[in-house]
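Single-letter residue listing:
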Amino acid sequence: MQLQQMYQEIILDHYKNPHGRGLRDPYDAESFQVNPTCGDEVTLRVRLVGDQVADVSYDGQGCSISQASTSVLTDLVVGRSVAEAFTKLDAFVELMQGRGAVEPDEDVLEDGIAFAGVAKYPARVKCALLGWMAFKDAVARAGGETT
Amino acid sequence: MTAVTAPLDVAALRADFPILGRTVREGKPLVYLDSGATAQRPRQVIDAEREFLEQHNAAVHRGAHQLAEEATDAYESARARIAAFVGSDPDELVFTKNATEGINLVAYAMGNASTAGPESARFVLGPGDEIVVTEMEHHANLVPWQQLALRTGATLRWFGVTDDGRLDLSDVDGLINAQTKVVAFTHQSNVLGTVNPVEPLVTRARQVGALTVLDACQSVPHSAVDLRALGVDFAVFSSHKMLGPYGLGVLYGRRELLAAMPPFLTGGSMIEMVDMTRTTFAAPPQRFEAGTPMTSQAVALGAAVDYLSVVGTDRIAAHEHLLTVAALDGLAEIPGIRVLGPVDGHARGGAVSFVVDGIHPHDVGQVLDDQGIAVRVGHHCAWPLHRRLGVPASVRASFYLYNDLSEVDTFLAGVRETKRFFGVA
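So the protein sequences, as listed, match chains A and B. Under my numbering, the first residue of the first sequence carries the number 1, and numbering increases by one thereafter. Under my numbering, the first residue of the second sequence carries the number 1, and numbering increases by one thereafter.
With the rest of the complex left out, here is chain A:
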C-alpha cells in the first residue's frame, strides 16, 4: 500500500520521539518558516562554531512529515561542516522534488531516505522541506560559508 511507503516506521519514530527538539541558547541566527497553505510553522536556530554546525534547535507545530524531517535534519547536520550539511540539504531537496524518480544515497541522507515515498505526494513535499528551508535561511543569516 502506498501509505506505508510514505509513513515509514523511521518517520513515525522521529515524529513520536523527535531529536534535538526545543529552542536552545547560544545561537547565531534564527529562522521562522511557515507553510501558508496549512499553517504549519517552525522556528529553527543555528549555532556555528568555525565552519562547524555546532547545534540546531527548533520548535514548531506541524504534521508528522514536517516534524520528522526536521528531526532527521538535526541528526544529519549537527557536528558537520556547513559545506557538508549543505551537500545533504541539496541531496534532500533533490530527493523531495524528484516525484519519486530520484534514488536516494543512504550514505549521504541516512534516515532521510525514508522520505523517498513522500516525494510521490506533491502536496506533502513542502511539509518535508519546511525545517530544511529554515536551516538554509538560518545559516545564511548567520553568515555561514556554504561551499
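No lab work stands behind these hints: they were computed from the structure. Cβ coordinates follow ideal geometry from the N, Cα and C atoms, glycine included. Heads up, a few of these hints could be off.
[To be verified] Label-pair restraints from in silico Cβ distances:
id: 1; chain 1: B; residue 1: E199; chain 2: A; residue 2: Q2; range: 44 to 52 angstroms
id: 2; chain 1: A; residue 1: V93; chain 2: B; residue 2: E70; range: 49 to 57 angstroms
id: 3; chain 1: B; residue 1: A413; chain 2: A; residue 2: K120; range: 22 to 30 angstroms
id: 4; chain 1: A; residue 1: P18; chain 2: B; residue 2: A332; range: 28 to 36 angstroms
id: 5; chain 1: B; residue 1: A64; chain 2: A; residue 2: Q2; range: 55 to 63 angstroms
id: 6; chain 1: B; residue 1: P29; chain 2: A; residue 2: G22; range: 43 to 51 angstroms
id: 7; chain 1: A; residue 1: D59; chain 2: B; residue 2: T162; range: 26 to 34 angstroms
id: 8; chain 1: A; residue 1: Q52; chain 2: B; residue 2: A332; range: 48 to 56 angstroms
id: 9; chain 1: B; residue 1: Q44; chain 2: A; residue 2: A123; range: 25 to 33 angstroms
id: 10; chain 1: B; residue 1: D329; chain 2: A; residue 2: P18; range: 31 to 39 angstroms
id: 11; chain 1: B; residue 1: P90; chain 2: A; residue 2: V93; range: 50 to 58 angstroms
id: 12; chain 1: A; residue 1: K16; chain 2: B; residue 2: T162; range: 30 to 38 angstroms
id: 13; chain 1: A; residue 1: Q2; chain 2: B; residue 2: A332; range: 24 to 32 angstroms
id: 14; chain 1: A; residue 1: P18; chain 2: B; residue 2: I334; range: 24 to 32 angstroms
[Unchecked claim] Covered stretches of chain B (chain A as the covering partner; in silico rule of three or more C-beta atoms under 8 angstroms from a C-beta of chain A):
id: 15; segment: 360 to 371
id: 16; segment: 380 to 392
With the hints as your guide, set chain B onto chain A.
Coordinates of chain B only, in the frame set by chain A:
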C-alpha cells in the same frame, strides 16, 4: 409540501456527475467530501458550456452579426436566471472573475469614492470611520476590508466567535455604531458550518446607515437564499461551488447603490462616452464588467442554477442536513475527536471540521485520501478563526446533493482507520 420533503434520489443524481464514477488511489471508489472547496459538475452544465462554444460563441454586447446576438442573449438570459435564483433582478447582478473579486470590487470602489463625484459620497471612508467584520470570515471577506482600512485610515473591528462556533452577538449595538460604514459577514461559515443570523445585523446596520456585505459563497449553493428578502446591500457567491465553472463569481448589489458606486476596474465595455481626457461610465451592471466577460462560464452557471432549481434548494438543504447530523453523531462516538463549530444540526450547514487528538490534520487527510476519501485539510483560508479556536489547522468534510449516507459511513470508518494507523487510542 410533499415535493419539498421528498428525499433526493441520490443514485439518479450521481449518474449526472461523470467524475463521481471514477476511482482513485489504486481502485478505491471516490468519496468526494470537498464540495465546500469546489463542487463537481453535472453533464448538463458541462454540455451547456460546450453547446454555447460549438453553436453560439461570439463576443457579447458588441457586433451586429447573428452569433453576437445569440451570445449576448445566452449571456443575459443566464444573468436573469441566476438573478431569479437568488431573488434579485438582472441589473443588480455583476459578473466577476470570482467571489473574491466581487468583494474587492466593493472595497476598491469605496476606496475610489473619495475622488469620485458627490453621488458617491456615501461610499467614502476615512479616519474615524469603522468597518466591521467577524472572526469567522474566509480571508476573502477579511483581507480586502483590512487593507481598505489601512489605505483609508478607517478602523477595522470584528465580532468574536464563541467557543461553540457562533458569532458573539452580545454587543451588536456597540460594534455597529454611528461610525460604522460597512458590516461584512459570512452567511454560512466555510469552516464551522454555522449559519449566521442576518436579520439583527442588517437591522442594526440600517439604523446607523452602514452598508452590509454578505459572503454567501457557502449558503447560495446549499439552500434557498433570497437576497432581497435578507435585506443586505451587497452579496457575493461563487459559480464553482454551485455546480458551475471556475472563473466566475457573482456580485449582487442593490440597484440604487450600484447606480451611485464608482467603478473598480475600468476599460472597454464599461463606458458611456470616452474622449482623450475624460470618460463617463455605463449604467450597472456593465459599469462593473470591464473587458470581455467570461461568457461561456456565465452560460454554464445558468445551466447550474436550472439544475439546482429542478432538484430544489429546499430538498438539497434537507438532504445535507441529514448527512451533516449523521456525520456529527458518528464523530461524537469516536473518542478524541473535537468538532469545530456547532455539534448539533441547528442553524448549521454541511461543513464539518474537526481535529483528532494526537494526529495532525494533514496526516488525517492523507490516510483518508488513501481510502479514496477526499477532504480538505489546513486552515481553509480562515486562519484567524483557527487561531481563535486554538488549533493550527483542521480536517473538513463538506457535503453536497450528490453525497449519500453510505459515504458518511465510509468517512467515519476512515477516521477510525486513521486512529488505528497512527496508533492513537
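Okay, the hints, checked on the actual structure:
With their beta carbons about 50 angstroms apart, B/E199 and A/Q2 fall inside the hinted range of 44 to 52 angstroms. As the Cβ distance of A/V93 to B/E70 is approximately 54 angstroms, the hint placing it in 49 to 57 angstroms holds. A hinted range of 22 to 30 angstroms for the beta carbons of B/A413 and A/K120 is consistent with their spacing of about 25 angstroms. Look at A/P18 against B/A332: about 32 angstroms separates their beta carbons, and that is inside 28 to 36 angstroms.
Range check, B/A64 to A/Q2: Cβ separation about 58 angstroms, and the 55 to 63 angstroms hint holds. Separated by about 45 angstroms at the C-beta atoms, B/P29 and A/G22 satisfy the suggested range of 43 to 51 angstroms. The given range of 26 to 34 angstroms is respected by A/D59 and B/T162, whose C-beta atoms sit roughly 30 angstroms from each other. About 54 angstroms separates the C-beta atoms of A/Q52 and B/A332, a value consistent with the hinted range of 48 to 56 angstroms.
Here the CB-CB span from B/Q44 to A/A123 is close to 31 angstroms, well matched to the stated 25 to 33 angstroms. Checked against the hint of 31 to 39 angstroms, the pair B/D329 and A/P18 passes, with Cβ atoms roughly 36 angstroms apart. The hinted window of 50 to 58 angstroms between B/P90 and A/V93 holds, with their beta carbons roughly 53 angstroms apart. A hinted range of 30 to 38 angstroms for the beta carbons of A/K16 and B/T162 is consistent with their spacing of about 35 angstroms.
Restraint check, A/Q2 to B/A332: a C-beta distance of roughly 31 angstroms satisfies the suggested window 24 to 32 angstroms. Look at A/P18 against B/I334: about 27 angstroms separates their beta carbons, and that is inside 24 to 32 angstroms. Counting residues of the segment 360 to 371 of chain B whose CB falls under 8 angstroms from any CB of chain A gives 7; the rule of at least 3 is met. Interface restraint, the segment 380 to 392 of chain B with chain A: holds (3 residues with C-beta to C-beta distance below 8 angstroms; minimum three).
Checked against the numbered hints above, the structure breaks none of them.
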